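Peer 1: What follows is each chain in one-letter form.
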Amino acid sequence: MEDLKKILINGNEVEVESSLTILQACEQHGIEIPRFCYHERLSIAGNCRMCLVEVVGGPPKPAASCALQVKDLRPGRNGEMPEVKTNSKMVRQAREGVMEFLLINHPLDCPICDQGGECDLQDQAMAYGLDFSRYQESKRSVEDINLGPLVKTSMTRCISCTRCVRFMTEVAGVSELGQTGRGEDSEIISYLGASLSSELQGNLIDLCPVGALTSKPYAFTARPWELDKTETIDVMDSLGSNIRIDSKGSRIMRITPINNDEINEEWISDKTRFIWDGLSRQRLDSPYIRVKGKLIKCSWNDAFCTIKEALKGKKIGAICGELQPIESIFALRNLVGSLGGKTECRIDGALFWNKNRCDYVGNGSFADIDKCRTITIIGCDPNFQSPVLNSRVRRAWLRGAEINYFGDKCELSFETICNESSLEKLNKFLIKKDKVINDGDHLIILGRENISGESGKILLEKVKNFCINKNSKFIIIHSGANSVGAIDVGFTSDVGCQKLLESSDVIFNLGFDEMELPKKDKLLIYQGSHGDVGAANADVILPGAAYTEESGIFVNSEGRPQMSNRVIFPPGDAKENWAIIRALSSELGIDLNFNNLVDLRNEIYKEYGFLSETNNLQENQIKSDLDISKFQLKGEIKAVVTKSYFFTNPIARASETMAELDKLKSTKQKKNVISV
Amino acid sequence: MLRRIHPIQPNGFKFSATNMKWAKEKIKKYPPGRKASAVIPILWKVQEQEGWVSRPAIDCVAKILEMDPIRVLEVASFYFMFHLSPMGDVAHIQVCGTTSCMLSGSEDLIKVCKEEISQEPHSRSSDGKFSWEEVECLGACANAPIVQIGKDYFEDLSEKKFRGLVKLLKRGKIPVPGSQVGRFSCEPGNGQKSLQGKNKEKNNASVQLALRGKDTVFKKNKLKFNSV
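Listed in order, the protein sequences are those of chains A and B.
As numbered in my numbering, residues 1 to 676 make up the first sequence, in order.
As numbered in my numbering, residues 1001 to 1228 make up the second sequence, in order.
Extracted from the complex, chain B is given alone in its bound form (with noise of 0.2 Å):
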């Protein structure tokens, strides 16, 4: 995939004040003259913020850490994790399409994504608020087929389950992530066969954290979680 510099690009960019914080906690874990080892993580942080990575973020990026704005292209340019284009302002979907996935189905949860979001990965839907793409093994196997919205998985899915997963998104509404057919985690589909009675809680903890509203990226709208 050919990857360049957007033409389009944003006037500025400025990390919020807890990212900076954040960014030169960073900084200090390596040792004074090799800040450019912060690289990743600090572009990360930027596609957090920004949704992608635009030329004035590298150009910013590059000034905290000291770097020239190419080597930092190069390295955003490098992984595909990092987009060089403007993504769905709400949510960014990220289907995975390996082996187990594409057997259970996650061909037909692409068809979903190419008839309500657009037609090619990578390019906004007509609103503006939503994008997707095809990404390699994203190691939720047992609960396949699964895709990614920013740091959250949404697991056991089908064609009519993320259709409604994405109108719901498309109202404005926020679905509860893990798996949308009621498993805690990945035990066997037809209920747990050890370790009975063990789980007290009703989710585990990663989609705990979500609804906690602490770790996800819909944190900005602050809004209510919905079933499907």
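With the rest of the complex left out, here is chain A (with noise of 0.2 Å):
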């Protein structure tokens, strides 16, 4: 299939793909091609001219590298293979002539800019730039705009390279931004200074090679080189997306992505980005009890001892939040089986049995969304679960795929075929694109939320069926970063969350902020890490870790288990989350097989193999044992959207960034409706 052309680069003979570009190429064999506007992400536009090469028998001119196909090179005059250069004078001088006009109307305010250190242009100014400049008329300004809370511009160090604008319109699928004006006057601006709407603006900062755009919140905090750089897990939605925490000392200063093309390529949500702040808010920094109605301050033997106290011969039983990795959530189930308690992870109440691993995790893969070419999305809004979840379903209806959606009305940022809420709809849809669609060609984005219930499960079996009969793929989108994980270690019970909740006299709530537990005649312990709804109504807070204090892992939709690391330690008195529950095991006199992190993971492993493959998709077989001929599709597909895209869990609750950006977000819907 592929079509291999042999060319040289600088005197080497090399094989590449003919569709590839010189850029590509020269990549592929390890040669460096500097560049300002080409991203591999995104469309070619050409414009910054610094990847000029020398393409021999060519124009006498340099070429534009990263817009010039190997199968337009033409072989020599006697059928010589094409040559191109890289390193030759004239691409040197090329190089050095682009530089010193960008370098014209650039800033030299490197000193104060937050880009500084990491910049594309001042590393690139060194390696093929030249060391003076001849330049001595007035440099051009440019006014800056206003593009909301998050992403700050000095428009005049902007080399218009239209990377931004490029992404706005391609990715992020709401074309915002653009470039008015003509030579020395053109300008990046926003249609009518509008702020931007988008939840993957934040990926701007990383894109635009200069100091134009920057990031707000994190505006004159840190220099890049003073920063402890630690890779790990986002928790913010269910995608996982692989990141990189930046910290100093122990404050977290910034949170970048890390590419991984089978999860979030290179970009992260705004939620997941700026969260930093909500984690040094609210929190929870010393363990507490309810003496007469009132939180007090307490050590953590005087809270175990509270627990030890209310735990005689009552009934415990145990929930847990989405933001816990498996290593707590392991030991507490551990912990409150040998106590004779129930564990439930599904306070939603989805049924799925934990058996088949297929009935909540499906047996597709994100990076399916790029290969078929028909993809049904059922209750889920892609958008709010997660935003680079979404940008890959944009990018398959770019590339032609034909999108249908079933659900609750919400914006979407491709077109779709079949746009219906109703389930009968829904139903006859399967039957007619069960006769149609290729073998393997179909892929079904599911909503956990509409999946639970008894209604949700003849849903799920119906799209089971399809998915055997048609030889094809579903994935099931969840709420928490391990809704999956969760159900993974069997932190499940039979009767579910309601009757475990009313016959428990104990409960405890290991992170689970959602809504409010009922209290009646029950003593309510809370493991978490911020001061929310979890910890309000407590009798006995017991201050764990958030997400960047320890490591843990992480499963995410599509099955996927991943570790995350410590980036910097808990506050106060604060605990890592299995911690806590070991030591108050041996307050309870109950011996749970491990002593360190090391021991926990190997009675992990024992028990469930497949988690310390970490990175590793585990295959999934579908199975249906439910005849559903006899069952009907009824009613209306449930509303996945119920609460703002800024507050879904407690660390965005209390980062001041995602309120300002909810305010922001709120008032712009209102303005849409007065003006309609």
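Treat each hint with caution, since some may be false.
Within a straight-line C-alpha distance of at most 20 Å, the following computed SDA-like cross-link-like pairs (lysine to any residue) qualify [claimed, not checked]:
| no. | chain 1 | residue 1 | chain 2 | residue 2 |
| --- | --- | --- | --- | --- |
| 1 | A | Lys5 | A | Asn47 |
| 2 | B | Lys1173 | B | Glu1187 |
| 3 | B | Lys1170 | B | Gly1150 |
| 4 | B | Lys1035 | A | Phe414 |
| 5 | B | Lys1035 | B | Phe1015 |
| 6 | B | Lys1063 | B | Leu1002 |
| 7 | B | Lys1063 | A | Ser133 |
| 8 | B | Lys1063 | A | Phe429 |
| 9 | A | Lys297 | A | Ser280 |
| 10 | B | Lys1035 | A | Glu170 |
| 11 | A | Lys71 | A | Val56 |
| 12 | A | Lys139 | B | Lys1021 |
| 13 | A | Lys216 | A | Lys297 |
| 14 | A | Lys314 | A | Cys497 |
| 15 | B | Lys1202 | B | Glu1187 |
| 16 | B | Lys1063 | A | Phe414 |
| 17 | A | Lys314 | A | Phe594 |
| 18 | A | Lys5 | A | Arg35 |
| 19 | A | Lys409 | A | Asn78 |
| 20 | B | Lys1021 | B | Ile1040 |
| 21 | A | Lys470 | A | Cys372 |
| 22 | B | Lys1063 | A | Ser413 |
| 23 | B | Lys1035 | A | Leu398 |
| 24 | A | Lys5 | A | Pro107 |
| 25 | A | Lys139 | B | Gly1182 |
| 26 | A | Lys355 | A | Ile622 |
| 27 | A | Lys312 | A | Leu588 |
| 28 | B | Lys1026 | B | Ile1064 |
| 29 | B | Lys1035 | A | Asn78 |
| 30 | A | Lys314 | A | Glu502 |
| 31 | B | Lys1028 | B | Leu1002 |
| 32 | A | Lys409 | A | Val436 |
| 33 | B | Lys1063 | A | Ala125 |
| 34 | A | Lys216 | A | Asp206 |
| 35 | A | Lys668 | B | Asp1059 |
| 36 | A | Lys643 | A | Lys216 |
Which chain B residues stay away from chain A? Per the calculated CB distances, all over 10 Å, these [what the hints assert, rightly or not]:
| no. | residue |
| --- | --- |
| 37 | Arg1003 |
| 38 | Arg1004 |
| 39 | Phe1013 |
| 40 | Lys1029 |
The set of hints was computed from the structure by calculation and includes no laboratory data.
These numbers come from a predicted model, not from an experiment.
Ideal placement from N, C-alpha and C gives every residue a C-beta, glycine not left out.
The task is to assemble the complex, starting from two chains supplied on their own in separate frames and drawing on the hints.
Peer 2: This is the structure:
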């Protein structure tokens, strides 16, 4: 299938695919070509001219390698191989010339620029530029634009590469930025000066090769070389984006994405990127017990004693939230199990059997979105669940895939063939599609909210049967970072959450904050990182680490286990979550079989071997043992968006940046209503 | 020249029925899904109708062509011939300032503009009826210096002739386009030396078109043409 072509690059014979550009071909063979406007995940603009190379036998001028394909190279007069030079005198002079022009209007404010130290222009000026300037005239200056609370602008530094314009239009799917005017007067603006509305806008900060677009919350707080960089996993949504957290001492300074083609590519959502101020606010830094209706600070020992007293002859039940790593969930499951209690992570009442993993994970992967020709989204607002995943669906649409949407009305950044909200219509659609689609060409994206309850079970079975018949894939999008992991390690019971809460006298709440628990005559123990809903009506509070403060395993929506790392230490008296449960167990006289994290992980791996293969996607076989012909899909598909996108977890609710974004979004929506 | 959306904008924009029909014909030229290709001719029609490209007009064009408004603004702001601020209601005078015209006295014409209309180009006269700008070569060098008003060329001007022309416009009358010294087109100043006796008509084709009132910006006024 590949059409290979032999060419000479700097005198070395190489074989490359003819559809590649020269820049890509050089990259494949380890030759670096400087660039500003070219970006692998955006369309080719060819306007910075930094990637000029010499094409032997071509026109007697340098050619932009980012926009020239290998197949367009002509052989020599006597049939010689086409030749490209990236280190000739012509190329060197061309680069020096381009760099000199770029620097003509670029201000010399590197010492006060946040991009300093990680700036493409700085690096490339050092590597390919001249060491002097001939420019004596006055420089141009450009008015700054206001893009909202996240992206800070210094437009005088802009070199007009238009990466930001292309990102907003192509990936984010909202054409809010544009380049107007021409020549010296061209400027990047947002239409009518509006602030950006995309939930992916933070990526502009990484994309901008200079310091024109920088991070507002991070502004002037640190230099890149003084930061400790830790690679870890994000927990803001169930995608499990790979991130790098930069810290200085005991403070987290910023969060940036790491490239992972199978999960987040190189984007992260704004919630992932700007959440860090929430990690230092509203924190629980000491154990508390409720005395005469009031929470008072106490020692760990007092807290444990209170629990020990309360447990005497009482029934315990445990629930867990979505931000907890596998380690603490597993430890709590074993502890509560030894005490004769039950555990439940499916607070929403979802009815998955944890025997068959396919029932709550599906059999597809996020990368399948790029391959299939038809995508059907059922009961899931992709932009709300994960803006990064949404951009993948959008890309599928851009390449020509057919997208069908079934669910509550929401704003989509792609066009749909079918857009309905009733299950009856979905039923008809599945029957119709059963006849036409080729094998393996279909992907169903199912929202977890809609497969809870009895009716949800039928929907799930219908989807599974469809996938079995058509040999196609489906994925289930969960709401939490470790929703899948909690089911994986069996933090579930047969009775369901409602009954479990009613029948227990003591409820151990491991970081669940999304609704208030019924309290009547019960003792509530809350273990978590933030003083939020869960802590507010608890009787005993055990302060735990947040996701940046302990290493843990998280399983994302497609069922991929990933290991997060500790960036900083928990504040005050707060401890790592698994360690708290271990300490409590010895207070209660129960042996949990582990004394440290390594032992604990070995215990987990003994029972769930696949969790030890981090980053590996286990294949799940679909099984359906329910005869679905008897059941009919009826009614409307449940709304997925029940709260603000920016307030979906306790860390986000503690963040000032998220609050500001939420305010901005709601005022924008109100404005829209008026103008219509 | 820094070009931005004007701070003062009309409330709305609507194509006239004929222009809308014209625009739809224009869009038909392009394959389905490629409506955006018609953006320049349609913006041009907007300017012919309104005299300038306003924000509501940009929004309207974006809607017609299924584009994002910012994309239309990018085009409108790129080309200097699209005016992003209101121009003279009666006439926007474009004075050619390139070599031939400049050598033949276009600087004098600009002086007249400054005195009669406004000191600054691209700004309206105090009564809002006129505006002017200096443009690049209009391609009628043999008849330099020339000015373009709407679709019509006024050729072989001098400071005195041009002042008369502006004053005529100010009185609400419409000058006859074409050569202002009686030339038919671009023959030598002292008479035709070849192809003699071939011209039966008094005016050349483009002037005739204007006089018939079929294709001139003054058609709204339906006024009689007057010699300077």
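Peer 1: Decide, hint by hint, whether the structure agrees.
Peer 2: So, going through the hints one by one against the coordinates:
1. Lys5/A - Asn47/A: violated, 27 Å
2. Lys1173/B - Glu1187/B: Roughly 28 Å between the alpha carbons, so the hint for Lys1173/B and Glu1187/B is violated.
3. Lys1170/B - Gly1150/B: holds, 16 Å
4. Lys1035/B - Phe414/A: The given pair, whose Cα atoms are some 18 Å apart, holds under the 20 Å limit.
5. Lys1035/B - Phe1015/B: holds, 17 Å
6. Lys1063/B - Leu1002/B: Between Lys1063/B and Leu1002/B the Cα gap is close to 26 Å, so the pair fails against 20 Å, i.e. violated.
7. Lys1063/B - Ser133/A: violated, 47 Å
8. Lys1063/B - Phe429/A: With a Cα-Cα distance of about 32 Å, the restraint between Lys1063/B and Phe429/A is violated, given a limit of 20 Å.
9. Lys297/A - Ser280/A: holds, 19 Å
10. Lys1035/B - Glu170/A: OK: Lys1035/B and Glu170/A at ~19 Å, within 20 Å.
11. Lys71/A - Val56/A: Holds, at roughly 15 Å.
12. Lys139/A - Lys1021/B: violated, 48 Å
13. Lys216/A - Lys297/A: violated, 36 Å
14. Lys314/A - Cys497/A: holds, 18 Å
15. Lys1202/B - Glu1187/B: holds, 14 Å
16. Lys1063/B - Phe414/A: At roughly 17 Å apart (the allowed maximum being 20 Å), Phe414/A and Lys1063/B satisfy the hint.
17. Lys314/A - Phe594/A: Not satisfied, since the Cα-Cα distance of roughly 26 Å exceeds 20 Å.
18. Lys5/A - Arg35/A: violated, 24 Å
19. Lys409/A - Asn78/A: violated, 64 Å
20. Lys1021/B - Ile1040/B: holds, 16 Å
21. Lys470/A - Cys372/A: holds, 13 Å
22. Lys1063/B - Ser413/A: Holds - the C-alpha atoms of Ser413/A and Lys1063/B are around 17 Å apart, at most 20 Å.
23. Lys1035/B - Leu398/A: Roughly 17 Å between the alpha carbons, so the hint for Lys1035/B and Leu398/A holds.
24. Lys5/A - Pro107/A: violated, 43 Å
25. Lys139/A - Gly1182/B: Violated - the C-alpha atoms of Gly1182/B and Lys139/A are around 50 Å apart, more than 20 Å.
26. Lys355/A - Ile622/A: holds, 12 Å
27. Lys312/A - Leu588/A: Answer holds: Lys312/A to Leu588/A is near 10 Å, not above 20 Å.
28. Lys1026/B - Ile1064/B: holds, 12 Å
29. Lys1035/B - Asn78/A: violated, 46 Å
30. Lys314/A - Glu502/A: Within the cut-off at roughly 13 Å; holds.
31. Lys1028/B - Leu1002/B: violated, 34 Å
32. Lys409/A - Val436/A: Given that 20 Å is the threshold and the Cα spacing comes to 27 Å, the pair is violated.
33. Lys1063/B - Ala125/A: This hinted pair is violated, its Cα atoms lying about 43 Å apart.
34. Lys216/A - Asp206/A: holds, 13 Å
35. Lys668/A - Asp1059/B: This hinted pair holds, its Cα atoms lying about 19 Å apart.
36. Lys643/A - Lys216/A: Distance of about 26 Å is beyond 20 Å: violated.
37. Arg1003: Non-interface label fails for Arg1003/B: nearest chain A Cβ at 5 Å, not farther than 10 Å.
38. Arg1004: Given that some Cβ of chain A is not farther than 10 Å from that of Arg1004/B, nearest at about 7 Å, it is violated.
39. Phe1013: holds, 15 Å
40. Lys1029: holds, 24 Å
Violation of the numbered hints given earlier is confined to hints 1, 2, 6, 7, 8, 12, 13, 17, 18, 19, 24, 25, 29, 31, 32, 33, 36, 37, 38; the remaining hints are satisfied by the structure.
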